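Enquirer: Residue numbers (this note's numbering), protein chains in the order written: chain A, 1 to 285; chain B, 1 to 296.
Worth double-checking, as some hints may not be accurate.
Stated by the list, open to error - Covered, in the sense of this in silico footprint (three residues per stretch, anywhere, with C-beta under 8 Å from a C-beta of chain A), are these stretches of chain B: (1) 17-26; (2) 73-85; (3) 112-124; (4) 151-159; (5) 179-187; (6) 208-221; (7) 254-267.
Keep in mind the hints are simulated off the structure, nothing from the lab.
Quick caveat, the model's predicted, so the values are computed rather than measured.
Every residue gets a Cβ at the ideal spot worked out from N, C-alpha and C, and that includes glycine.
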Amino acid sequence: MNARRQRQWTQRAGFGLLTLATIVTTLPILLIVLLILQRGLAAITPEFLLAFPSDGLRAGGIFPAILGTVLLTFTMTLVVAPLGIAAGIYLAHYAPDNRLTRSIRIAILNLAGIPSVVYGLFGLAFFVIFFRMGTSILAGALTLAIMTLPVVITTTEEAVRSVPNSFHVVSVSLGGTDWQSVRRILLPQGLPGILTGVILGVERAAGETAPILFTAAAVYLPHLPTSPLDPTMALPYHLYVVSTQIPGMPAGVQYGTAAVLLILVLLMNIIATVIRSRARARRRW
Amino acid sequence: MTSALRERLVAVAVRVAGISAIALLLVIFFFLIQQGLPALAEVPLPDLIGSRWYPIEGTFGLVPLVLGSLLVTLAATLIAVPLGVATAVFIAEVAPRSVREVLKPFIEVMAGLPSVMLGFLGIAILAPELYHRLRLTTGLTAFTGALLLGWIAIPTIVSVAEDALDAVPRGYRDGALALGANRWQTIWRVTLPAARGGVLTAVMLGIGRAFGETMAVMMVTGNAAVIPRGWGALFQPVRTMTATIAAEMGEVAGGSTHYHVLFLIGILLFLISLAVNLVGASVVFRARTRAERILS
Chain A
1 MNARRQRQWT
11 QRAGFGLLTL
21 ATIVTTLPIL
31 LIVLLILQRG
41 LAAITPEFLL
51 AFPSDGLRAG
61 GIFPAILGTV
71 LLTFTMTLVV
81 APLGIAAGIY
91 LAHYAPDNRL
101 TRSIRIAILN
111 LAGIPSVVYG
121 LFGLAFFVIF
131 FRMGTSILAG
141 ALTLAIMTLP
151 VVITTTEEAV
161 RSVPNSFHVV
171 SVSLGGTDWQ
181 SVRRILLPQG
191 LPGILTGVIL
201 GVERAAGETA
211 PILFTAAAVY
221 LPHLPTSPLD
231 PTMALPYHLY
241 VVSTQIPGMP
251 AGVQYGTAAV
261 LLILVLLMNI
271 IATVIRSRAR
281 ARRRW
Chain B
1 MTSALRERLV
11 AVAVRVAGIS
21 AIALLLVIFF
31 FLIQQGLPAL
41 AEVPLPDLIG
51 SRWYPIEGTF
61 GLVPLVLGSL
71 LVTLAATLIA
81 VPLGVATAVF
91 IAEVAPRSVR
101 EVLKPFIEVM
111 AGLPSVMLGF
121 LGIAILAPEL
131 YHRLRLTTGL
141 TAFTGALLLG
151 WIAIPTIVSV
161 AEDALDAVPR
171 GYRDGALALG
181 ANRWQTIWRV
191 TLPAARGGVL
201 TAVMLGIGRA
211 FGETMAVMMV
221 TGNAAVIPRG
231 WGALFQPVRT
241 MTATIAAEMG
251 EVAGGSTHYH
261 VLFLIGILLF
271 LISLAVNLVG
281 ASVVFRARTR
291 AERILS
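Next comes chain A alone, as it looks inside the complex (with noise of 0.2 Å):
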């Protein structure tokens, strides 16, 4: 009986532990944003969304590093959808089990784990200088596009591999064709995991500095871009310029520009799962 109710102690205490370490891992994060939101929410107003900068970025709105992220990620968007999409499908749907198949699934990998910073220099070396785009929009985008390429590409596999075998065997056994039924089936039936995982990509690409670094950022500029191979301000590098580089700045910016860009991320994920719960609902398979 003893030793019963020493085990019955131990698990009270593991399971405390357990609940305890949750509690310390996700507080701190509930408690950011809702300071973040709060002293954020006051320093947003209408002119502060929709004005420029002045005052060596004091005072004035964030309009421009706004419309810039929104620049950045729809312009990637542009590339990394069909591209991501497309490997997608063919690794769900087309690969045969080969040694390219496998190299692709470790080559998808090894991208996702590359830091950002690296891609901020390969996008340098390679859209800036060597296509000679300059830092632009241009450059920025599709250096954002290929590092969320991994998302979009297994969101993508996985949301068609989840449609049932028997969907595509039917679809096959009416005379279809393998471009029909995925066309027609697997797509159709896949698109809210697929959308899901664009939108997560789209996420991340916006938050993201280190890519934009050297690729599209710039401090501050009196024009809005007129090309996509203009650069641009944009909301994260606007967050770090204005909360380490100029001395004076008021919090009310920082604490408004973090607001805005968390706003923008929450937004994003809010949608996400939306869009993931209600195919779930709607599924009938």
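Could you slot chain B onto chain A? The hints should help.
Expert: Using the frame of chain A, we list chain B on its own:
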């Protein structure tokens, strides 16, 4: 266009897209080599493994940077691994369903927080707090960086480890419970050991995440390129490899020795992350769903 031709074209197109992943990895490596290798010719090897990083004088000793990265990563790992694995076990094995449904998306949000934002909070709140509480000479230290990095690595560890625990067949747990083990014994002696491969992968990926992190580390570690000596160094400024590239690349002339050396550091980062990843992936870890978590 005939249907057969279209079939062939599509098959080729998606195949090319798949192979592009390999091509990109090779192109990245090639361009890093092309820009970084000249450094080996321009700077004598004894200088590169020297202990002084002082680019203005043309002294490019990489040792302080490498040790700075190792110190911060090691400290972050010591924080993140126990917390991350414990949280994963809590979510997968202990938490009631309702709590689980809240925690899982929360961890995902955590993983998506921009590191520059955490860096900003590090400067604005964490560093002053540590400075006052621990009576340091500055709040911008390796320890401050390790704390931030720990929390940046935790979501990676939690989601991969949790998937590994989920993949342990139900029957293992049922068997242990039927033999009279309680839930704690089942977790400790059956589920965790059965998932150890996946948990190890989680740890490796977490280490890789911490090692490659740039902005947050650059903002809070003080960026002094000195060789850390002993555990006391944890509470002094250091400078990591990633931060050095990010901080200095904007100011160097293209094609200069300094520029080539920064690319050489990039090659080192590339190779180390490659090694960490391959070790992580080679651990027995079969079920396919994991790939998604690993990469997102």
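Enquirer: Provide an ascending list of the numbers of those earlier hints which the structure does not satisfy.
Expert: none
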